[in-house]
Amino acid sequence: MHEHIDSVKTYALVLLALLACTVLTTLVAFVDLGNFSVVAALAIAVTKMLLVALFFMHVRYSTVLTRLVILGGLLWLAILLLLILTDFFTRGWVGFPGT
Amino acid sequence: MASEAHAAHEETLALREQFDTAEQQKDASTLAMWIFLITEIMFFGGMFAAYTIYRSTYPTVFAVASASLNVVVGAINTCVLLLSSFTMVMAVRASQLGQRNAIIIFLILTLLFGGVFLGVKAYEWNEKYVEHHMPGQAAFHLEGTPLQGPAKIFFSLYFAMTGLHALHMVVGVGILSVLIWQTRKGKFSPEYFTPVDIAGLYWHFVDIVWIFLFPLLYLIDRHLPK
Amino acid sequence: MTTAVLQEREHYLNAGYGLKSWLLTKDHKRIAVLYFITISIFFAIGGFFASMIRLELATPAGDLVSSETYNKLFTMHGVIMVFFFLIPSVPATMGNFFLPIMIGARDLAFPKINLLSWYLLIIGGGFAIFAMVAGGVDTGWTFYTPYSTTYSNTYVIATALGIFVAGFSSILTGLNFIVTVHRMRAPGMTWFRMPLFVWANYATGVIQVLGTPVIAVTLVLVFCERVFHIGIFDPALGGDPVLFQHLFWFYSHPAVYIMVLPAMGVISELVSTFSRKPVFGYPFVAFSSMAIAVIGFLVWGHHLFVSGQSLYAGLVFSFLSYFVAIPSAVKVFNWTATLYKGSISYATPMLYAFGFIGLFTIGGLTGLFVAALGMDVHVTDTYFVIAHFHYVMVGGTVMAYLGGVHYWWPKMTGRMYPEGWAKLSALFIFVGFNLTFFPQFILGYLGMPRRYHVYPPEFQVLHLASSLGATVLALGYVLPAIYLGWSLRYGPIASANPWGASGLEWQTPSPPPKHNFDQIPVVTHEAYDYTTVPQEVLEVG
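Residue numbers (our numbering), protein chains in the order written: chain A, 1 to 99; chain B, 100 to 325; chain C, 326 to 866.
Keep in mind the hints are simulated off the structure, nothing from the lab.
No incorrect hints appear here.
Label-pair restraints from in silico Cβ distances:
#  : chain 1 : residue 1 : chain 2 : residue 2 : range
1  : C       : 478       : B       : 214       : 35 to 43 Å
2  : A       : 32        : B       : 218       : 32 to 40 Å
3  : A       : 16        : B       : 269       : 27 to 35 Å
4  : C       : 391       : A       : 64        : 57 to 65 Å
5  : C       : 362       : B       : 243       : 53 to 61 Å
6  : A       : 91        : C       : 693       : 21 to 29 Å
7  : B       : 214       : C       : 693       : 55 to 63 Å
8  : B       : 221       : A       : 64        : 41 to 49 Å
9  : B       : 269       : C       : 447       : 21 to 29 Å
10 : B       : 123       : A       : 71        : 21 to 29 Å
11 : B       : 286       : A       : 35        : 49 to 57 Å
Derived pair list, reagent style BS3-like, types lysine-lysine, alpha-carbon separation capped at 25 Å:
#  : chain 1 : residue 1 : chain 2 : residue 2
12 : B       : 125       : C       : 437
13 : B       : 286       : C       : 351
14 : C       : 437       : B       : 284
15 : C       : 839       : C       : 437
For every residue, glycine included, the Cβ atom is placed at its ideal position computed from N, Cα and C.
Next up, chain A with everything else stripped away, as it sits in the complex (with noise of 0.2 Å):
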């Protein structure tokens, strides 16, 4: 498992990242980017969960199988979600027979 012992520098610097990551994502979301806004405001979640990940959740070290495991995770969400898009998303796209 992880010998390493992270710096408290290491984790203050993640720390403060996070903390600037949410006041960006507040003042961003005020800016009308249209579509975009949403791209920004899930890139910089994104960014927010991969820094607690690696470096508070110590995934920097560990193994194949745990890092495994988390992409098994997060590709059955975009199952979940994709999928299940597939259908309201082509809603309208063909009508009932007769109409």
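Knowing the structure of chain A, use the given hints to seat chains B and C on it.
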């Protein structure tokens, strides 16, 4: 043919009888926590799926409803939770170094920050109640949109998702309390601090859920004029 | 006839007496026995509801029970059989008992969590039985909204709670199995030396862990909608009932693979032992279990073809549904190839294996019928679907379950069951099953809807045949309960390896000692290596 190294042995906290080495036990416990966390990804995931569908179906209503949430309070609460993750990983670090008092201090700080978060959440929920934005209320009304039904759906998701998150926080607070008590009793050492380690993983995960909840609930199209 | 006594050697059954030694056990073998008893009771309850259903359907008029009661009967039959019998069936009993031994471990990775899993099943079952006794639930085991959330006046919340809790039992079992296989294999036990039964339970664990949380959160949402009126499935608010169906079936389709994969694992063991040959194409069978686990998550929309799902999504899901049949077919081909030039014996477990292979094939092929979008529009919500899933679940899983129980009975109990009665029961089950469910394919195709207890008189002949078959089937299930119980006291003492099988579990005494192995073995041979079985054992088996 049998293996000497894997003979039956006396049971200790760091080496339970079903395991052969302490490292095997630690690996197994860590793997188990990660697998549990991906069950949590799928658990919250169902609600995120519902959110995705309804936000894309009712984008304007969701924006109006989101604007009724206090973004400053939400942002500050997010920072409080991030701070708690910092103190949590510091507690794990202290465990790695065998610094018993530091472990206790950082765990207490984590617990306090978690408590603050929950307190602020309770305040926010109360605000929604007072403003008649709770879906169960007979007097429910969201100003700024004729679509009261979808507005109720937003707030149903708001309460369900933040409620489920808060429930996980409460469990986390309980776990932290137990850990503080165990640390005081001298249960942990640099050779064995797995419960602190995996409780940390849980706590950080709950933080990550909030990292997504905050923008998805509080920051929907805030640039739109009120 | 004198009753033989198990030699006074210490084993897991006599290592400690009294209620506490069982209810607070950490021994995976004892927990398996607890599960056996529990799910047998649930099977009997579910079977009772099935009997009531078939009794009512013997006549075209709704003369035995009211419509409301009939709705409750089929709901409770489904809920109990799916969540409290089939899902735990093979993994919680034979998986719990044998997975650690098969990989050379002393126990599962987390014995206390294993015990917790059992208690969760009991608690969940308690909620479900409370719901039944208090007045029942009538939504169908599928809980479709808005009926379940808004309009039903029955015990939806209690039942949903029961399933929720039982779901965590399932998640924890899967988690335990996954960690155990990754971290507890004995030296030399590589992944490709493990019995295929272990692969099957591992793949099942992956499904349990990834799928069950979604139905858990869905039930939470149903609960919230009923109790707090925070509804997201209510059309009156702009909600979409089809979203519930997506979330429900995201789990419930992979759930059917939770139900059948471990059964397939049992069949691999049976076919190998009773052909005295290694399973043909081991890596393909191993990977097919993983493939079923993965692909099984991509097909759930085939339950929503006529629900209002978009046509394009229907096309996607129909297309993907065909792929999930491929790994199942691989298994059937490989089992068949295992038989070729094998030294085949026809002990009861092998009869069940043959039954499985034939009936699962029929069930699986009819699954392809309903996976076809055009065909499904015609037969959905008819008895065709009911026949399809009973062929795979009962003709498949229950047969494999019984085959496994008989196969491992001597190992678990130290006693042999009476072979004559066992073969007779297997015959009753096979004949009774086909007489019950084959007519239902025809009924469904002719238009008999499911969940109806009143039907046109021209369907009566087929329904009557089905109900008669159910009687024979019920007899077939009652007999093992009797003779297996009888064998516990009067059955001949079993040797360590009565079948001449390979695998670590047959190298321990019958019943095994509490810690499985005094010293963990070092594995040096491949799976299904019959050269490691002593000659005298091979001749007797």
